[in-house]
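Asker: Residue strings, one per chain:
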Amino acid sequence: MSDETSIATPDDPALLPGTAAERAAEDAEGMSVISSDELAMLPGELRPHPSPFQYVMIAVILCVITALEVGTYYLPNDFPRALYITILMVLALTKFVIVAAFFMHLRFDRPLFRRFFVTGAIGAILLYTIVLATLHVFE
Amino acid sequence: MAQTELEPTPLHDAGPDDAHIVHGHADTNTGATNTKLAMWVFLSSECIFFGAFISTYLLYRGRAPANTPQPKDVYNIPFTSVTSFMLLMSSLTMVLALAAIQRGDHRRFRIWTMSTALFGAIFIAGQIYEFTEFYREGLALKTSVFGSSFFVLTGIHGAHVTVGIIWLLTLWGMSMQNRLGVQHSEKIEVAGLYWHFVDIVWIVIFTVIYLIP
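In order, the protein sequence lines correspond to chains A and B.
Per the working numbering, residue 314 is the first one in the first sequence, and the count goes up by one each step.
Per the working numbering, residue 42 is the first one in the second sequence, and the count goes up by one each step.
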């Protein structure tokens with residue numbers, strides 16, 4: 314295996330996005346002036362992934378959902394348990410899908426990756442639901 | 042004997058945007074690098090791995106002896122909410138680190154990578170504090186089925202987070218030695234996939250173990 318990182322590695326100029334002026338402006342202003350469309354796509358990607366600003370917005374949404382989850386914990390004791398669990402599961406599933414789709418780039422990558430991951434996740438849920446049902450956990 | 046070269050097979054997952062793919066296509070049959078594919082296969086297996094421990098906890102839920110600490114006696118939801126928030130923010134900083142290395146912004150890459158490791162370390166510190174508090178309140182690995190299933194599940198998750206922190210610090214060190222360039226973005230992406238998965242698992246654990254009574 315070749316040791317490609319044994320020496321100082323300059324950036325491949327062909328992969329650097331935008332013009333030199335745009336990169337300088339980005340450094341000066343501290344903001345991303347280079348569109349995410351101009352970023353070199355990673356192997357396996359079909360579409361450009363979100364910009365840093367969009368990532369921050371997604372994180373804000375995740376924080377709001379987390380706050381809602383914690384808020385449900387403080388619902389009164391007479392709140393229907395089935396509804397409580399349903400709300401929590403929906404919120405957790407939403408966070409799960411958002412992180413997988415946007416942060417893990419499943420939404421922008423080849424479907425092959427999605428198939429592998431979903432197979433594992435759904436397979437695990439099905440398998441252990443059957444095991445737990447067999448052991449009468451849900452009764 | 043003349044050597045024949047195999048022509049790359051058509052991409053079975055080719056979509057309408059393939060005409061725009063330049064650097065997004067690897068020289069493999071799937072169009073994805075083996076490294077990235079291997080990480081996704083590994084994460085798929087990790088779903089089943091963690092599913093086993095989560096289902097074990099669910100199996101033993103409510104079956105601990107009454108004279109041993111119960112979940113409602115030991116859980117500190119506000120504290121765990123804060124550590125969960127830290128792990129969530131670490132996912133954001135991880136993805137910002139990837140965006141930075143793709144732009145060739147090595148300074149910001151190092152900042153975001155170190156931030157990710159720091160958030161992860163804060164999470165681990167919170168877990169250690171929580172474990173010691175539980176132990177102080179009488180819940181140990183051998184106390185009851187609740188204790189063993191809880192500590193094994195969260196301990197293994199914590200071990201995964203620790204491995205991720207070491208991985209991130211290694212990448213940070215490589216960047217400081219100028220050994221990471223834009224062309225190595227995939228290395229960061231693969232590390233990011235592992236880190237986001239660890240966050241995803243905690244999303245499930247926090248909901249199923251802590252929030253559902």
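Calculated directly from the structure, the hints in this document are not laboratory data.
Please note that a few of the clues may not be correct.
What the hints assert, rightly or not - Here are some, though not all, of the chain A residues that point toward chain B, as calculated from beta-carbon distances under 10 Å:
1. 426
2. 442
3. 450
By construction, the Cβ of each residue, glycine as well, lies at the ideal position given by its N, Cα and C atoms.
Asker: So, for every hint listed, does it hold in this structure?
Answerer: Hints and how they fare:
{"no.": "1", "hint": "426", "verdict": "5 Å, holds"}
{"no.": "2", "hint": "442", "verdict": "8 Å, holds"}
{"no.": "3", "hint": "450", "verdict": "6 Å, holds"}
Hint check: no violations occur; every hint is consistent with the structure.
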